[in-house]
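My request is simple: use the sequences and hints to build the entire structure.
For what it's worth, the numbering used here labels the leading residue of the sequence shown as 38, then goes sequentially.
No lab work stands behind these hints, which were simulated from the structure alone. Hints are supplied without guarantee of correctness; some may be wrong.
Stated by the list, open to error - In silico DSS-like links for lysine-lysine, alpha-carbon gap of 25 Å or less: (1) 97 / 81; (2) 111 / 131; (3) 98 / 81.
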Amino acid sequence: MATKDGDVLMLEAPPESRPTVSSSAEVIDALPYIDEEYGDPNVKEEVDRLIEEEMRRSSKKPSDFLKNLPPLRKFNFENHPMLAREYERVRAGKPPGQIDTSRYWT
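Right under this line is the structure:
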């Protein structure tokens, strides 16, 4: 799609390059994103209703929802000591360290 000046606004992929969905594949719709409003009992009730409805329509059950995915690979932090320390910090439930912002003050 282009403007009358020839500026390109959007490119569309040719039909043959678009991914196809097999008729046996189940389409899982994404639920709306709810952030702070979840504390409101009316919003929570609506969210719970949407989740129940989505689960009722799905042929997958919570126990087998991820079984078609490949297993997670084991992470090796041997060559990444900084990542290993951060992983252990998160795993232990410790808060992140403070960032020194003093160099940004003039």
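Next on the checklist: Check the structure against each numbered hint from earlier and tell me which ones fail, lowest number first.
Outcome noted: Going through the list in order, the structure violates no hint and respects every one.
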